[in-house]
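Residues 9 to 579 (the numbering used here) make up the sequence shown, in order.
Hint data in this document are derived by calculation from the structure and do not stem from the laboratory. Relax, there's no trap hidden among the hints.
Distance condition first, Cα-Cα at most 30 Å in a straight line; then the derived DSS-like pairs of lysine-lysine:
1) 413 / 391
2) 121 / 285
3) 332 / 488
4) 474 / 461
5) 474 / 575
6) 495 / 474
7) 293 / 228
8) 285 / 392
9) 134 / 116
10) 332 / 413
11) 452 / 386
12) 463 / 407
Label pairs and their in silico Cβ distance ranges:
13) 575 / 285: 48 to 54 Å
14) 509 / 138: 54 to 60 Å
15) 109 / 510: 53 to 59 Å
16) 510 / 575: 41 to 47 Å
17) 568 / 510: 37 to 43 Å
18) 464 / 567: 26 to 32 Å
19) 508 / 382: 22 to 28 Å
20) 573 / 197: 43 to 49 Å
For glycine and all other residues, C-beta sits at the position ideal for the given N, C-alpha and C.
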Amino acid sequence: MELNAKEKKLKQVEKRIKTAHIILLGFFAAAVLYLFLLQIVDIRHYKAKAKSQRYSKNFIMRGQIVDRNGVRLASDKTSFNLYAHREYFDHTPEELADLLSPLIGTDKKTIVKSINKGATVILLKKDVDRLTAEKIKKLGLREISLDKKNERVYPQDELAAHILGYYNPDADTASGVELTAKEKLEDVENKVKVQRTPRGDIIYEAGTDPILAATPQVGKTVMLTIDSAIQHVCERELLNMVHEKNASRGAVIVMNPKNGEILGYAVYPRYNPNDYKKTEAIRLKNWTLSDVYPPGSTFKTLTVSAGIESGKINAASRVLDTGKMQLGNWTITNYDYNKRPYPGMINLISLLEHSSNVGSANIALMMTPAEFYNILSKFGIGKKTGIDLNGESSGLLPKPFQWDKARQATMGYGYGASVTSIQMISAVSALANGGVRVTPHVIKYSPEEEVEKIKRVQVISPETAKTVTQLLAQSVASSKSVINLEKYSVAGKTGTSKKPKEHSKGYSNSLYTSVVGYLPSNNPQILVYVVVDVPSTFGIWGNTVAGPVFKEVANQCARILNIPPDKNIGK
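Can you build the whole structure from these sequences, using the hints too?
In C-alpha coordinates form, the structure reads like this:
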(Lines of atoms letter the chains of each structure in order from A; the text may use other names.)
(Lines give C-alpha, C1' and ligand atoms only; values in the text may rest on other atoms or scores of the structure.)
Protein backbone atom coordinates (compact mmCIF):
# COMPACT_ATOMS: atom_id res chain seq x y z
CA MET A 9 0.00 0.00 0.00
CA GLU A 10 2.85 2.32 0.89
CA LEU A 11 4.58 1.55 -2.45
CA ASN A 12 1.46 2.24 -4.42
CA ALA A 13 1.19 5.72 -2.83
CA LYS A 14 4.79 6.54 -3.78
CA GLU A 15 4.16 5.36 -7.35
CA LYS A 16 1.10 7.57 -7.58
CA LYS A 17 3.08 10.63 -6.43
CA LEU A 18 5.85 9.90 -8.96
CA LYS A 19 3.30 9.58 -11.72
CA GLN A 20 1.75 12.93 -10.72
CA VAL A 21 5.17 14.62 -10.81
CA GLU A 22 5.94 13.08 -14.23
CA LYS A 23 2.58 14.28 -15.49
CA ARG A 24 3.25 17.85 -14.30
CA ILE A 25 6.70 17.87 -15.91
CA LYS A 26 5.22 16.71 -19.22
CA THR A 27 2.58 19.46 -19.00
CA ALA A 28 5.25 22.10 -18.32
CA HIS A 29 7.28 20.82 -21.31
CA ILE A 30 4.26 21.09 -23.54
CA ILE A 31 3.56 24.66 -22.37
CA LEU A 32 7.21 25.68 -22.90
CA LEU A 33 7.21 24.12 -26.37
CA GLY A 34 4.02 26.03 -27.11
CA PHE A 35 5.58 29.33 -26.06
CA PHE A 36 8.68 28.58 -28.11
CA ALA A 37 6.59 27.71 -31.20
CA ALA A 38 4.55 30.92 -30.77
CA ALA A 39 7.74 32.98 -30.51
CA VAL A 40 9.17 31.40 -33.65
CA LEU A 41 5.90 32.02 -35.51
CA TYR A 42 5.82 35.65 -34.31
CA LEU A 43 9.38 36.28 -35.47
CA PHE A 44 8.60 34.62 -38.79
CA LEU A 45 5.61 36.90 -39.31
CA LEU A 46 7.64 39.98 -38.36
CA GLN A 47 10.74 39.30 -40.40
CA ILE A 48 9.35 37.46 -43.40
CA VAL A 49 5.63 38.14 -43.82
CA ASP A 50 5.45 41.74 -42.48
CA ILE A 51 8.96 42.88 -43.39
CA ARG A 52 7.78 45.85 -45.47
CA HIS A 53 6.13 47.48 -42.47
CA TYR A 54 9.26 47.27 -40.35
CA LYS A 55 11.51 48.40 -43.15
CA ALA A 56 9.29 51.45 -43.52
CA LYS A 57 9.37 52.06 -39.76
CA ALA A 58 13.15 51.80 -39.63
CA LYS A 59 13.39 54.11 -42.62
CA SER A 60 11.06 56.68 -41.05
CA GLN A 61 13.28 56.81 -37.97
CA ARG A 62 16.13 57.94 -40.20
CA TYR A 63 14.04 60.83 -41.54
CA SER A 64 14.36 64.28 -40.03
CA LYS A 65 13.21 67.76 -40.95
CA ASN A 66 15.72 69.79 -42.87
CA PHE A 67 17.56 72.54 -41.01
CA ILE A 68 15.20 75.50 -40.44
CA MET A 69 16.45 79.04 -39.92
CA ARG A 70 14.18 81.59 -38.28
CA GLY A 71 12.97 84.40 -40.50
CA GLN A 72 14.27 87.93 -40.25
CA ILE A 73 12.71 90.73 -38.22
CA VAL A 74 12.77 94.06 -40.05
CA ASP A 75 11.45 97.54 -39.31
CA ARG A 76 8.66 99.18 -41.32
CA ASN A 77 11.20 100.32 -43.95
CA GLY A 78 12.93 96.95 -44.31
CA VAL A 79 15.91 97.68 -42.05
CA ARG A 80 17.15 94.34 -40.68
CA LEU A 81 16.85 94.08 -36.89
CA ALA A 82 17.25 90.34 -36.30
CA SER A 83 18.32 87.34 -38.38
CA ASP A 84 19.85 83.88 -38.11
CA LYS A 85 23.51 83.00 -38.57
CA THR A 86 24.54 79.37 -39.03
CA SER A 87 27.31 78.00 -36.85
CA PHE A 88 28.55 74.51 -35.96
CA ASN A 89 29.65 72.54 -32.92
CA LEU A 90 32.65 70.28 -33.59
CA TYR A 91 32.59 66.75 -32.11
CA ALA A 92 34.94 63.75 -32.10
CA HIS A 93 33.44 60.23 -31.92
CA ARG A 94 35.70 57.70 -30.20
CA GLU A 95 34.11 54.64 -31.83
CA TYR A 96 35.13 55.86 -35.29
CA PHE A 97 38.74 56.83 -34.49
CA ASP A 98 41.15 56.28 -37.40
CA HIS A 99 43.71 58.73 -36.01
CA THR A 100 45.48 59.19 -32.71
CA PRO A 101 44.58 62.21 -30.55
CA GLU A 102 47.90 63.79 -31.52
CA GLU A 103 47.21 63.34 -35.23
CA LEU A 104 43.76 64.87 -34.87
CA ALA A 105 45.21 67.80 -32.95
CA ASP A 106 47.77 68.41 -35.72
CA LEU A 107 44.98 68.54 -38.32
CA LEU A 108 42.39 70.57 -36.40
CA SER A 109 44.41 73.05 -34.35
CA PRO A 110 45.30 75.39 -37.26
CA LEU A 111 41.64 75.50 -38.33
CA ILE A 112 39.79 76.00 -35.05
CA GLY A 113 42.37 78.12 -33.23
CA THR A 114 42.67 75.76 -30.24
CA ASP A 115 46.16 74.69 -29.19
CA LYS A 116 47.14 71.04 -29.72
CA LYS A 117 47.59 70.25 -26.02
CA THR A 118 44.02 71.34 -25.25
CA ILE A 119 42.60 69.19 -28.06
CA VAL A 120 44.60 66.12 -26.96
CA LYS A 121 43.54 66.68 -23.34
CA SER A 122 39.85 66.88 -24.34
CA ILE A 123 40.06 63.68 -26.40
CA ASN A 124 41.85 61.76 -23.64
CA LYS A 125 39.14 62.45 -21.06
CA GLY A 126 37.51 59.21 -22.12
CA ALA A 127 34.06 60.34 -23.22
CA THR A 128 32.41 58.56 -26.15
CA VAL A 129 31.44 61.83 -27.84
CA ILE A 130 33.86 64.72 -27.29
CA LEU A 131 32.96 68.39 -27.85
CA LEU A 132 36.05 70.02 -29.32
CA LYS A 133 34.77 73.47 -30.30
CA LYS A 134 31.55 75.49 -30.13
CA ASP A 135 30.31 78.06 -32.64
CA VAL A 136 32.55 77.15 -35.57
CA ASP A 137 31.78 79.42 -38.54
CA ARG A 138 30.63 78.11 -41.92
CA LEU A 139 33.94 78.72 -43.73
CA THR A 140 35.91 76.83 -41.08
CA ALA A 141 33.33 74.03 -41.11
CA GLU A 142 33.79 73.60 -44.86
CA LYS A 143 37.58 73.31 -44.40
CA ILE A 144 37.11 70.67 -41.71
CA LYS A 145 34.74 68.68 -43.93
CA LYS A 146 37.36 68.59 -46.68
CA LEU A 147 39.73 66.74 -44.34
CA GLY A 148 37.41 63.71 -44.61
CA LEU A 149 37.88 62.66 -41.00
CA ARG A 150 35.55 59.77 -40.18
CA GLU A 151 35.71 60.43 -36.44
CA ILE A 152 34.75 64.09 -36.73
CA SER A 153 31.22 65.50 -37.05
CA LEU A 154 29.81 69.01 -37.28
CA ASP A 155 26.48 69.74 -35.62
CA LYS A 156 24.75 72.61 -37.39
CA LYS A 157 22.84 75.14 -35.25
CA ASN A 158 21.18 78.53 -35.43
CA GLU A 159 22.67 81.61 -33.82
CA ARG A 160 20.38 84.64 -33.58
CA VAL A 161 22.10 87.95 -34.30
CA TYR A 162 20.93 91.53 -33.84
CA PRO A 163 22.90 93.81 -36.19
CA GLN A 164 21.60 97.03 -34.59
CA ASP A 165 22.80 95.90 -31.14
CA GLU A 166 20.74 97.69 -28.44
CA LEU A 167 18.24 99.32 -30.80
CA ALA A 168 14.67 98.25 -29.94
CA ALA A 169 16.01 95.46 -27.71
CA HIS A 170 12.89 95.22 -25.53
CA ILE A 171 10.68 95.04 -28.61
CA LEU A 172 12.72 92.40 -30.41
CA GLY A 173 13.46 90.42 -27.25
CA TYR A 174 15.92 87.55 -27.57
CA TYR A 175 15.96 83.92 -28.74
CA ASN A 176 17.87 81.02 -27.22
CA PRO A 177 18.00 78.19 -29.82
CA ASP A 178 19.51 75.71 -27.35
CA ALA A 179 16.67 76.00 -24.82
CA ASP A 180 14.05 77.24 -27.33
CA THR A 181 13.19 80.18 -25.07
CA ALA A 182 12.42 83.71 -26.20
CA SER A 183 10.87 87.05 -25.32
CA GLY A 184 9.49 90.07 -27.17
CA VAL A 185 8.59 89.67 -30.84
CA GLU A 186 10.92 86.66 -30.97
CA LEU A 187 8.32 84.95 -28.76
CA THR A 188 5.02 86.42 -29.95
CA ALA A 189 5.89 85.94 -33.64
CA LYS A 190 7.54 82.53 -33.13
CA GLU A 191 5.05 80.65 -35.30
CA LYS A 192 5.55 82.95 -38.29
CA LEU A 193 9.32 83.20 -37.87
CA GLU A 194 9.59 79.40 -38.03
CA ASP A 195 6.97 78.87 -40.75
CA VAL A 196 8.39 77.46 -44.00
CA GLU A 197 6.37 76.80 -47.14
CA ASN A 198 7.79 73.36 -48.03
CA LYS A 199 8.96 71.33 -45.06
CA VAL A 200 11.58 69.02 -46.59
CA LYS A 201 12.34 65.70 -44.87
CA VAL A 202 15.53 63.78 -45.64
CA GLN A 203 17.11 60.56 -44.41
CA ARG A 204 20.27 60.97 -42.35
CA THR A 205 22.97 58.73 -40.96
CA PRO A 206 23.51 58.58 -37.18
CA ARG A 207 26.18 61.27 -37.66
CA GLY A 208 23.71 63.57 -39.39
CA ASP A 209 24.88 63.15 -43.00
CA ILE A 210 22.19 63.17 -45.73
CA ILE A 211 21.31 59.82 -47.34
CA TYR A 212 20.67 60.58 -50.99
CA GLU A 213 17.94 58.34 -52.40
CA ALA A 214 16.67 58.24 -55.96
CA GLY A 215 13.91 60.71 -55.12
CA THR A 216 16.02 63.09 -53.02
CA ASP A 217 16.25 66.61 -54.43
CA PRO A 218 19.93 67.51 -53.80
CA ILE A 219 19.29 71.26 -53.84
CA LEU A 220 16.32 71.20 -51.44
CA ALA A 221 18.04 68.68 -49.18
CA ALA A 222 21.20 70.75 -48.78
CA THR A 223 19.57 74.19 -48.63
CA PRO A 224 18.57 75.47 -45.18
CA GLN A 225 14.89 76.36 -44.97
CA VAL A 226 14.11 79.89 -43.81
CA GLY A 227 11.01 81.04 -41.92
CA LYS A 228 8.93 84.03 -42.90
CA THR A 229 10.06 87.61 -42.38
CA VAL A 230 8.24 89.61 -39.71
CA MET A 231 7.88 93.32 -40.36
CA LEU A 232 7.48 95.68 -37.42
CA THR A 233 5.63 98.98 -37.20
CA ILE A 234 8.81 100.46 -35.66
CA ASP A 235 10.68 103.11 -37.64
CA SER A 236 14.40 102.72 -36.87
CA ALA A 237 15.06 106.45 -37.25
CA ILE A 238 12.29 107.30 -34.75
CA GLN A 239 13.43 104.50 -32.47
CA HIS A 240 16.95 105.91 -32.47
CA VAL A 241 15.70 109.39 -31.58
CA CYS A 242 13.59 108.00 -28.71
CA GLU A 243 16.48 106.00 -27.28
CA ARG A 244 19.00 108.82 -27.65
CA GLU A 245 16.85 111.49 -26.00
CA LEU A 246 15.74 109.17 -23.20
CA LEU A 247 19.32 108.10 -22.48
CA ASN A 248 20.52 111.71 -22.37
CA MET A 249 17.83 112.70 -19.87
CA VAL A 250 18.32 109.61 -17.69
CA HIS A 251 22.02 110.39 -17.42
CA GLU A 252 21.44 114.10 -16.87
CA LYS A 253 18.91 113.56 -14.07
CA ASN A 254 20.47 110.37 -12.70
CA ALA A 255 17.16 108.51 -13.08
CA SER A 256 16.70 104.78 -12.57
CA ARG A 257 14.23 104.06 -15.38
CA GLY A 258 12.47 105.71 -18.27
CA ALA A 259 10.44 105.12 -21.41
CA VAL A 260 9.43 106.93 -24.59
CA ILE A 261 6.61 105.56 -26.75
CA VAL A 262 5.54 107.05 -30.09
CA MET A 263 2.27 105.82 -31.61
CA ASN A 264 0.07 106.55 -34.57
CA PRO A 265 -3.23 106.98 -32.66
CA LYS A 266 -5.34 106.35 -35.77
CA ASN A 267 -4.24 102.74 -36.27
CA GLY A 268 -2.41 101.79 -33.06
CA GLU A 269 0.96 101.30 -34.78
CA ILE A 270 3.91 101.96 -32.48
CA LEU A 271 6.63 103.84 -34.33
CA GLY A 272 9.15 104.06 -31.49
CA TYR A 273 9.41 102.30 -28.15
CA ALA A 274 12.46 103.11 -26.01
CA VAL A 275 12.93 101.45 -22.62
CA TYR A 276 15.66 102.12 -20.06
CA PRO A 277 17.55 100.26 -18.58
CA ARG A 278 18.42 98.77 -21.94
CA TYR A 279 20.56 95.80 -23.02
CA ASN A 280 22.18 94.21 -26.05
CA PRO A 281 20.22 91.11 -27.17
CA ASN A 282 23.42 89.69 -28.68
CA ASP A 283 24.69 89.34 -25.09
CA TYR A 284 21.41 88.62 -23.32
CA LYS A 285 22.89 85.61 -21.48
CA LYS A 286 25.27 87.92 -19.65
CA THR A 287 22.57 90.50 -18.86
CA GLU A 288 20.96 90.82 -15.44
CA ALA A 289 17.25 90.07 -15.28
CA ILE A 290 16.23 93.63 -14.36
CA ARG A 291 17.55 94.87 -17.70
CA LEU A 292 15.86 92.13 -19.70
CA LYS A 293 12.41 92.95 -18.31
CA ASN A 294 10.23 95.37 -20.25
CA TRP A 295 8.95 97.15 -17.14
CA THR A 296 6.67 99.43 -19.18
CA LEU A 297 4.40 96.42 -19.76
CA SER A 298 4.51 94.86 -16.32
CA ASP A 299 5.12 97.52 -13.66
CA VAL A 300 2.37 99.87 -12.48
CA TYR A 301 2.52 103.35 -10.98
CA PRO A 302 0.20 106.29 -10.24
CA PRO A 303 -0.02 108.30 -13.49
CA GLY A 304 -0.39 111.67 -11.79
CA SER A 305 -1.64 114.72 -13.68
CA THR A 306 -1.62 113.12 -17.15
CA PHE A 307 -4.69 111.26 -15.83
CA LYS A 308 -6.58 114.57 -15.67
CA THR A 309 -7.12 114.25 -19.41
CA LEU A 310 -9.31 111.22 -18.68
CA THR A 311 -11.08 112.89 -15.73
CA VAL A 312 -12.12 115.88 -17.84
CA SER A 313 -13.19 113.50 -20.64
CA ALA A 314 -15.31 111.47 -18.22
CA GLY A 315 -16.92 114.63 -16.80
CA ILE A 316 -17.91 115.84 -20.27
CA GLU A 317 -18.99 112.41 -21.51
CA SER A 318 -21.21 111.90 -18.45
CA GLY A 319 -22.81 115.32 -18.98
CA LYS A 320 -21.63 116.75 -15.66
CA ILE A 321 -19.57 119.51 -17.33
CA ASN A 322 -19.07 121.01 -20.76
CA ALA A 323 -16.42 123.05 -22.56
CA ALA A 324 -17.69 126.29 -21.00
CA SER A 325 -18.00 124.97 -17.43
CA ARG A 326 -16.27 126.55 -14.46
CA VAL A 327 -15.11 124.49 -11.50
CA LEU A 328 -14.43 125.61 -7.95
CA ASP A 329 -10.75 125.53 -7.03
CA THR A 330 -10.08 126.38 -3.38
CA GLY A 331 -6.39 125.51 -3.67
CA LYS A 332 -6.73 123.01 -0.82
CA MET A 333 -9.50 120.69 0.36
CA GLN A 334 -9.94 118.20 3.19
CA LEU A 335 -11.71 114.86 2.76
CA GLY A 336 -11.62 112.84 5.98
CA ASN A 337 -7.97 112.32 6.81
CA TRP A 338 -6.86 113.15 3.28
CA THR A 339 -5.74 116.65 2.28
CA ILE A 340 -5.71 117.58 -1.40
CA THR A 341 -3.45 120.49 -2.29
CA ASN A 342 -2.51 122.12 -5.57
CA TYR A 343 1.19 121.99 -6.40
CA ASP A 344 1.26 125.83 -6.71
CA TYR A 345 -0.82 126.49 -3.59
CA ASN A 346 1.78 128.86 -2.15
CA LYS A 347 1.62 131.06 -5.26
CA ARG A 348 -2.12 130.71 -5.98
CA PRO A 349 -3.83 129.85 -2.68
CA TYR A 350 -7.44 130.35 -3.83
CA PRO A 351 -7.96 130.43 -7.62
CA GLY A 352 -11.77 130.36 -7.22
CA MET A 353 -14.02 129.44 -10.13
CA ILE A 354 -11.72 128.39 -12.99
CA ASN A 355 -12.46 127.24 -16.54
CA LEU A 356 -11.23 123.91 -17.89
CA ILE A 357 -8.37 125.46 -19.87
CA SER A 358 -7.01 126.98 -16.66
CA LEU A 359 -7.56 123.72 -14.81
CA LEU A 360 -5.41 121.85 -17.35
CA GLU A 361 -2.81 124.60 -17.76
CA HIS A 362 -2.22 124.97 -14.01
CA SER A 363 -2.84 121.26 -13.36
CA SER A 364 -5.37 121.87 -10.61
CA ASN A 365 -5.67 118.90 -8.24
CA VAL A 366 -8.63 120.41 -6.40
CA GLY A 367 -10.49 121.25 -9.61
CA SER A 368 -9.93 117.73 -10.97
CA ALA A 369 -11.05 116.20 -7.67
CA ASN A 370 -14.26 118.23 -7.80
CA ILE A 371 -15.00 117.01 -11.34
CA ALA A 372 -14.46 113.42 -10.19
CA LEU A 373 -16.89 113.97 -7.31
CA MET A 374 -19.60 115.27 -9.66
CA MET A 375 -19.99 111.74 -11.05
CA THR A 376 -21.16 108.68 -9.21
CA PRO A 377 -18.41 106.10 -8.60
CA ALA A 378 -20.05 103.79 -11.14
CA GLU A 379 -20.19 106.51 -13.83
CA PHE A 380 -16.54 107.44 -13.40
CA TYR A 381 -15.43 103.80 -13.15
CA ASN A 382 -17.30 102.73 -16.31
CA ILE A 383 -15.73 105.44 -18.46
CA LEU A 384 -12.23 104.78 -17.11
CA SER A 385 -12.76 101.09 -17.79
CA LYS A 386 -13.67 101.89 -21.41
CA PHE A 387 -10.41 103.83 -21.67
CA GLY A 388 -8.71 100.53 -20.78
CA ILE A 389 -7.65 101.39 -17.24
CA GLY A 390 -7.41 98.17 -15.22
CA LYS A 391 -7.26 96.05 -18.40
CA LYS A 392 -4.56 94.66 -20.65
CA THR A 393 -4.26 96.58 -23.91
CA GLY A 394 -3.66 93.39 -25.91
CA ILE A 395 -0.31 94.58 -27.29
CA ASP A 396 1.59 91.89 -29.20
CA LEU A 397 4.38 91.63 -26.63
CA ASN A 398 4.61 89.24 -23.71
CA GLY A 399 4.53 90.13 -20.03
CA GLU A 400 1.72 92.70 -19.96
CA SER A 401 -0.13 93.28 -16.69
CA SER A 402 -3.62 94.71 -16.18
CA GLY A 403 -2.82 97.69 -13.99
CA LEU A 404 -5.14 98.48 -11.10
CA LEU A 405 -8.56 100.11 -11.10
CA PRO A 406 -10.48 99.34 -7.87
CA LYS A 407 -14.14 98.43 -8.24
CA PRO A 408 -16.48 101.38 -7.52
CA PHE A 409 -17.96 99.77 -4.39
CA GLN A 410 -14.47 100.06 -2.86
CA TRP A 411 -14.34 103.83 -3.36
CA ASP A 412 -14.87 106.22 -0.53
CA LYS A 413 -15.10 109.94 -1.19
CA ALA A 414 -11.35 110.49 -0.73
CA ARG A 415 -10.41 107.73 -3.17
CA GLN A 416 -12.87 109.00 -5.77
CA ALA A 417 -11.46 112.52 -5.45
CA THR A 418 -7.81 111.39 -5.69
CA MET A 419 -8.75 109.30 -8.71
CA GLY A 420 -9.50 112.58 -10.43
CA TYR A 421 -5.87 113.66 -10.43
CA GLY A 422 -4.19 110.30 -10.97
CA TYR A 423 -3.66 108.66 -7.59
CA GLY A 424 -6.52 106.22 -7.15
CA ALA A 425 -5.55 103.99 -10.08
CA SER A 426 -2.25 102.45 -11.13
CA VAL A 427 -1.33 102.09 -14.79
CA THR A 428 1.36 100.67 -17.04
CA SER A 429 3.08 102.92 -19.57
CA ILE A 430 1.50 101.15 -22.53
CA GLN A 431 -1.92 101.38 -20.86
CA MET A 432 -1.62 105.13 -20.38
CA ILE A 433 -0.69 105.91 -23.98
CA SER A 434 -3.42 103.54 -25.20
CA ALA A 435 -6.04 105.38 -23.12
CA VAL A 436 -5.05 108.84 -24.38
CA SER A 437 -4.91 107.59 -27.97
CA ALA A 438 -8.73 107.52 -27.93
CA LEU A 439 -8.79 111.31 -27.46
CA ALA A 440 -6.61 111.71 -30.55
CA ASN A 441 -8.72 109.33 -32.62
CA GLY A 442 -12.30 110.56 -32.36
CA GLY A 443 -12.97 108.62 -29.17
CA VAL A 444 -11.84 105.25 -30.58
CA ARG A 445 -9.10 103.26 -28.84
CA VAL A 446 -7.16 100.95 -31.19
CA THR A 447 -5.10 98.02 -29.92
CA PRO A 448 -1.45 99.14 -29.75
CA HIS A 449 0.89 96.85 -31.70
CA VAL A 450 4.48 96.55 -32.88
CA ILE A 451 3.98 93.97 -35.65
CA LYS A 452 2.81 95.11 -39.07
CA TYR A 453 -0.22 92.98 -39.94
CA SER A 454 -1.91 92.21 -43.22
CA PRO A 455 -5.54 93.37 -43.61
CA GLU A 456 -6.68 89.79 -42.96
CA GLU A 457 -4.58 89.54 -39.78
CA GLU A 458 -5.78 92.92 -38.54
CA VAL A 459 -9.35 91.65 -38.35
CA GLU A 460 -8.27 89.11 -35.75
CA LYS A 461 -5.47 90.98 -33.98
CA ILE A 462 -6.58 94.62 -33.83
CA LYS A 463 -9.63 95.75 -31.87
CA ARG A 464 -11.32 99.14 -32.05
CA VAL A 465 -13.32 100.32 -29.05
CA GLN A 466 -15.52 103.43 -29.00
CA VAL A 467 -14.56 104.88 -25.61
CA ILE A 468 -16.24 108.28 -25.76
CA SER A 469 -18.20 110.16 -28.40
CA PRO A 470 -16.34 111.93 -31.23
CA GLU A 471 -17.74 115.22 -29.90
CA THR A 472 -16.25 114.67 -26.43
CA ALA A 473 -12.88 113.68 -27.93
CA LYS A 474 -12.86 116.82 -30.07
CA THR A 475 -13.80 119.06 -27.14
CA VAL A 476 -11.11 117.64 -24.85
CA THR A 477 -8.51 117.88 -27.63
CA GLN A 478 -9.33 121.56 -28.11
CA LEU A 479 -9.13 122.20 -24.36
CA LEU A 480 -5.76 120.48 -24.13
CA ALA A 481 -4.39 122.33 -27.15
CA GLN A 482 -5.55 125.71 -25.80
CA SER A 483 -4.09 124.98 -22.36
CA VAL A 484 -0.68 124.18 -23.91
CA ALA A 485 -0.81 127.14 -26.30
CA SER A 486 -1.52 129.61 -23.46
CA SER A 487 1.26 128.23 -21.28
CA LYS A 488 5.02 128.65 -21.13
CA SER A 489 5.47 124.88 -21.08
CA VAL A 490 8.36 123.35 -22.98
CA ILE A 491 5.83 121.15 -24.82
CA ASN A 492 4.36 124.27 -26.46
CA LEU A 493 6.11 123.68 -29.79
CA GLU A 494 7.01 126.39 -32.26
CA LYS A 495 5.64 124.77 -35.43
CA TYR A 496 2.94 122.41 -34.21
CA SER A 497 -0.12 122.72 -32.01
CA VAL A 498 0.04 120.12 -29.25
CA ALA A 499 -2.83 118.65 -27.25
CA GLY A 500 -1.03 117.41 -24.18
CA LYS A 501 -0.55 117.26 -20.44
CA THR A 502 2.43 117.01 -18.13
CA GLY A 503 2.39 114.99 -14.92
CA THR A 504 4.31 114.45 -11.71
CA SER A 505 3.39 111.78 -9.18
CA LYS A 506 4.87 110.42 -5.97
CA LYS A 507 6.17 106.88 -5.93
CA PRO A 508 4.36 104.48 -3.56
CA LYS A 509 6.42 103.06 -0.70
CA GLU A 510 7.54 99.50 -1.38
CA HIS A 511 6.96 97.92 2.02
CA SER A 512 4.32 100.11 3.63
CA LYS A 513 1.31 102.28 2.87
CA GLY A 514 1.62 105.82 1.60
CA TYR A 515 3.98 107.56 -0.79
CA SER A 516 7.68 108.30 -0.74
CA ASN A 517 9.39 111.53 -1.83
CA SER A 518 10.61 109.89 -5.04
CA LEU A 519 8.81 111.01 -8.18
CA TYR A 520 7.59 109.87 -11.57
CA THR A 521 7.61 112.61 -14.20
CA SER A 522 5.65 112.26 -17.42
CA VAL A 523 4.19 113.95 -20.50
CA VAL A 524 1.57 112.74 -22.93
CA GLY A 525 0.60 114.67 -26.06
CA TYR A 526 -0.36 114.44 -29.72
CA LEU A 527 0.13 116.61 -32.77
CA PRO A 528 -0.96 118.37 -34.87
CA SER A 529 -3.91 118.76 -32.54
CA ASN A 530 -6.42 119.29 -35.37
CA ASN A 531 -5.30 116.14 -37.23
CA PRO A 532 -3.13 114.00 -34.94
CA GLN A 533 -0.40 111.99 -36.68
CA ILE A 534 1.72 111.04 -33.69
CA LEU A 535 1.10 110.51 -29.99
CA VAL A 536 4.11 110.67 -27.66
CA TYR A 537 4.31 109.45 -24.07
CA VAL A 538 7.39 110.05 -21.93
CA VAL A 539 7.88 108.79 -18.37
CA VAL A 540 11.02 109.08 -16.25
CA ASP A 541 11.19 107.14 -12.99
CA VAL A 542 12.91 108.63 -9.92
CA PRO A 543 15.03 111.46 -11.26
CA SER A 544 17.28 112.56 -8.40
CA THR A 545 18.32 116.14 -9.12
CA PHE A 546 16.67 119.48 -8.32
CA GLY A 547 13.74 121.00 -10.24
CA ILE A 548 11.90 117.73 -10.79
CA TRP A 549 8.59 118.16 -12.64
CA GLY A 550 6.98 116.63 -15.68
CA ASN A 551 7.64 119.86 -17.55
CA THR A 552 11.35 119.99 -16.64
CA VAL A 553 12.32 116.31 -16.97
CA ALA A 554 9.92 114.53 -19.35
CA GLY A 555 9.01 117.77 -21.17
CA PRO A 556 12.36 118.37 -22.94
CA VAL A 557 12.41 114.75 -24.10
CA PHE A 558 8.88 115.12 -25.48
CA LYS A 559 9.85 118.33 -27.30
CA GLU A 560 12.87 116.84 -29.05
CA VAL A 561 11.19 113.54 -29.88
CA ALA A 562 8.04 115.23 -31.21
CA ASN A 563 9.98 117.67 -33.41
CA GLN A 564 12.28 114.96 -34.79
CA CYS A 565 9.40 112.58 -35.47
CA ALA A 566 7.51 115.32 -37.32
CA ARG A 567 10.62 115.91 -39.43
CA ILE A 568 11.16 112.20 -40.17
CA LEU A 569 7.50 111.70 -41.10
CA ASN A 570 7.27 114.98 -43.05
CA ILE A 571 4.30 116.22 -41.04
CA PRO A 572 3.37 119.73 -42.28
CA PRO A 573 3.45 122.45 -39.56
CA ASP A 574 0.02 123.74 -38.54
CA LYS A 575 1.16 126.96 -36.89
CA ASN A 576 1.68 130.19 -38.82
CA ILE A 577 5.40 130.72 -38.32
CA GLY A 578 6.73 134.29 -38.38
CA LYS A 579 3.46 136.10 -37.74
